[in-house]
Amino acid sequence: MFTLGSVLDNELKSSVEDFSFETEFSTNQLMLPNIEKPFEFAQSIISLEKDLDENDNQPMFHQQKKEERKERALIKGSKGTTTLAFIYEKGTVVAVDSRATSGQYIASQSVQKVVPVNQYMLGTLAGGAADCQFFLGHLGRICNLYELRNNEKISVAAASKLLNNILYSYRNYGLSVGSMICGYDTRGPQLYYIDSDGSRLKNSLFSVGSGSPFAYGVLDAGYRWDLSKEDAIDLGRRAICAATFKDSYSGGTVKVYHIDENGWVKISDDDASELWYRYEEKEKKNK
Amino acid sequence: METYLGEKQQASQWSPYINNGGSCLAVAGEDFAVIASDTRMSLGYSIKTRYSTKYLKITEKCSIVSSGMQADIFTLHKVLKSRAQIYEQKHGKPMSTDAVAKLVSRLLYYRRFFPYYTFNIVAGIDDEGVGCVFSYDAIGTLERVKYSASGSGSSLIEPVLDNQVALKNRNDIKKEDYKLTKENAIDLVKDAITSAGERDIYTGDFVEISIIDINGTHEDKFELRFD
Numbered sequence: 001m002f003t004l005g006s007v008l009d010n011e012l013k014s015s016v017e018d019f020s021f022e023t024e025f026s027t028n029q030l031m032l033p034n035i036e037k038p039f040e041f042a043q044s045i046i047s048l049e050k051d052l053d054e055n056d057n058q059p060m061f062h063q064q065k066k067e068e069r070k071e072r073a074l075i076k077g078s079k080g081t082t083t084l085a086f087i088y089e090k091g092t093v094v095a096v097d098s099r100a101t102s103g104q105y106i107a108s109q110s111v112q113k114v115v116p117v118n119q120y121m122l123g124t125l126a127g128g129a130a131d132c133q134f135f136l137g138h139l140g141r142i143c144n145l146y147e148l149r150n151n152e153k154i155s156v157a158a159a160s161k162l163l164n165n166i167l168y169s170y171r172n173y174g175l176s177v178g179s180m181i182c183g184y185d186t187r188g189p190q191l192y193y194i195d196s197d198g199s200r201l202k203n204s205l206f207s208v209g210s211g212s213p214f215a216y217g218v219l220d221a222g223y224r225w226d227l228s229k230e231d232a233i234d235l236g237r238r239a240i241c242a243a244t245f246k247d248s249y250s251g252g253t254v255k256v257y258h259i260d261e262n263g264w265v266k267i268s269d270d271d272a273s274e275l276w277y278r279y280e281e282k283e284k285k286n287k
Numbered sequence: 001m002e003t004y005l006g007e008k009q010q011a012s013q014w015s016p017y018i019n020n021g022g023s024c025l026a027v028a029g030e031d032f033a034v035i036a037s038d039t040r041m042s043l044g045y046s047i048k049t050r051y052s053t054k055y056l057k058i059t060e061k062c063s064i065v066s067s068g069m070q071a072d073i074f075t076l077h078k079v080l081k082s083r084a085q086i087y088e089q090k091h092g093k094p095m096s097t098d099a100v101a102k103l104v105s106r107l108l109y110y111r112r113f114f115p116y117y118t119f120n121i122v123a124g125i126d127d128e129g130v131g132c133v134f135s136y137d138a139i140g141t142l143e144r145v146k147y148s149a150s151g152s153g154s155s156l157i158e159p160v161l162d163n164q165v166a167l168k169n170r171n172d173i174k175k176e177d178y179k180l181t182k183e184n185a186i187d188l189v190k191d192a193i194t195s196a197g198e199r200d201i202y203t204g205d206f207v208e209i210s211i212i213d214i215n216g217t218h219e220d221k222f223e224l225r226f227d
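Residue numbers (this note's numbering), protein chains in the order written: chain W, 1 to 287; chain B, 1 to 227.
One or more hints might be untrue.
[As the list claims (entries may be wrong)] Here chain W is said to cover these stretches of chain B; the calculated rule only asks that three of the stretch's residues, wherever they fall, bring their Cβ under 8 Å from a Cβ of chain W:
no.	segment
1	138-146
2	178-189
[Unchecked claim] Below, in silico cross-link-like pairs of lysine-lysine (PhoX-like), each with a Cα-Cα straight-line distance of 25 Å or less:
no.	chain 1	residue 1	chain 2	residue 2
3	W	K266	B	K175
4	B	K78	B	K90
5	B	K146	W	K266
6	W	K90	W	K266
7	B	K102	B	K78
8	W	K266	B	K102
9	W	K246	B	K168
10	B	K93	B	K78
11	B	K179	B	K190
12	B	K90	B	K48
13	W	K266	W	K285
14	B	K168	B	K78
FYI, nobody ran anything at the bench for these hints, they're computed from the structure.
For each residue, glycine too, the CB sits at the ideal point set by N, CA and C.
Model the full assembly from the supplied sequences, consistent with the hints where possible.
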């Protein structure tokens, strides 16, 4: 008898390795090394620890050790940085930056941090880029299968719950996913925040990443439920621009998307520093 | 070993990874791609061998270069080559470049908890005949770009490519007027990796360069500094 968990496992199995050549090539899940503490090993090799640290209350030398471990870690995975999304009367606005850093080196200024799940749902990428890309791509596949099997569009609540359950089963493996599932379904505009710790939160606005405090400042100040479409898009853009200005881990280009009952649309793609100068010019003119 | 403060002292732990150095880069043009890597394999302060290939031709339209740990590079290339063969025999046609790019990303993410210590670049011609370059991190983050560099000399090469291919921070040329020709791209790649060899101790000896266009792959080799 198929339980939901085993169905997902099967799908994850078949999507990771697409063929099976008897036992030599067949796989059950992502490969784990055959040692006695695989997750500790994995976490010591790759430094992808998220910014919010549970050890914040511990004495200084424990924190220093963690910083040293991060520096010693051989492989610095690409980390994502500032993303935000909010829902309002007419739909959902998603705005992201496009910088990926590995350690202090800017790995790329043109990363796609918004991954389409289907025509009316977007997922954002923050934390470990590879983890988010893989699991959001997998979510897209699952949602597609759901639509084919049930002949109806999957709700944002259900899609986010599916992802949440998968990530909960990988809890403590050292994954780093701070993703937002944003969409428009029969209940209207919806927004969920999914974490690799296993949290799933529903709210009308979220910002995720190292630049999120700066984005929240602008976002919280300007947010209202009855914004016009133009104002809402501009709010999202200005919030990310503020974050790229102050946070060194955010930058590149500012991309803004809008989701309504007709699906998602990419609104704009502006270079972050050029955008800042444009806003400065506007302020000068207004004065 | 615990001190009285409760601090755990870590004895230097054995690591399965070593870095054999080397640099790789790739540049994509309108209807071609150029991909190059050096061939030096180092270990600490010694050179283990002057010729150890980091390049693999996967199909006539697609190649991969990797830098990092030579053992993982060898294994990844071996697995990739066999998967490409299986695909061709199953589907009756060679893998498209987009398919290869996604496959590499999956192979790397499969080892998410014990990664291949490789930094890869895939380059080739896509189905529409446009040149493409895909860059990865160690665990398979996939991104399609116009140019990329990886390895020990990447921080020396990448700014040059930013300036010469993407025309960033330049006041003398307008983007609309500029087109990257094949000859310019080949010269640029050769110069970039030669310059990396001047300033990076792990880059040198020989360079394997390969030009991929609609007619297939043309491979070449030239010398760098041996010091």
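Consistency of the hints with the structure:
Against chain W, the segment 138-146 of chain B contributes 7 residues with a C-beta closer than 8 Å to a partner C-beta. That satisfies the three-residue criterion, and the hint holds. Check on the segment 178-189 of chain B: 0 of its residues sit with their Cβ under 8 Å from a Cβ of chain W, so the three-residue criterion for coverage is violated. For the hint pairing W:K266 with B:K175, the CA-to-CA distance comes to about 24 Å; that is within 25 Å, so the pair holds. Our distance criterion of 25 Å between C-alpha atoms is met by B:K78 and B:K90, whose separation comes to about 18 Å.
Taking the CA atoms of B:K146 and W:K266, the gap is about 22 Å. The hint holds against a cut of 25 Å. Straight-line distance between C-alpha atoms of W:K90 and W:K266 comes to about 16 Å, which keeps the hinted pair within the 25 Å bound. Proximity of B:K102 to B:K78 is assessed by CA-CA distance (about 17 Å); at most 25 Å being required, the pair is judged to hold. Distance restraint check for W:K266 and B:K102: the Cα-Cα separation of roughly 24 Å lies within the 25 Å cut-off, and the hinted pair is therefore satisfied.
Our distance criterion of 25 Å between C-alpha atoms is met by W:K246 and B:K168, whose separation comes to about 22 Å. At roughly 20 Å between alpha-carbon atoms, B:K93 and B:K78 fall within 25 Å of each other, so this suggested pair holds. Our distance criterion of 25 Å between C-alpha atoms is met by B:K179 and B:K190, whose separation comes to about 18 Å. Using a Cα cut-off of 25 Å, the hinted pair B:K90 and B:K48 is violated, with the two alpha carbons roughly 39 Å apart.
Simply put, W:K266 and W:K285 have alpha-carbon atoms about 28 Å apart, too far for the 25 Å limit, and the pair is violated. Distance hint between B:K168 and B:K78 is unfulfilled; the C-alpha atoms sit about 37 Å from each other, more than 25 Å.
Checked against the numbered hints given earlier, this structure breaks hints 2, 12, 13, 14; the rest are met.
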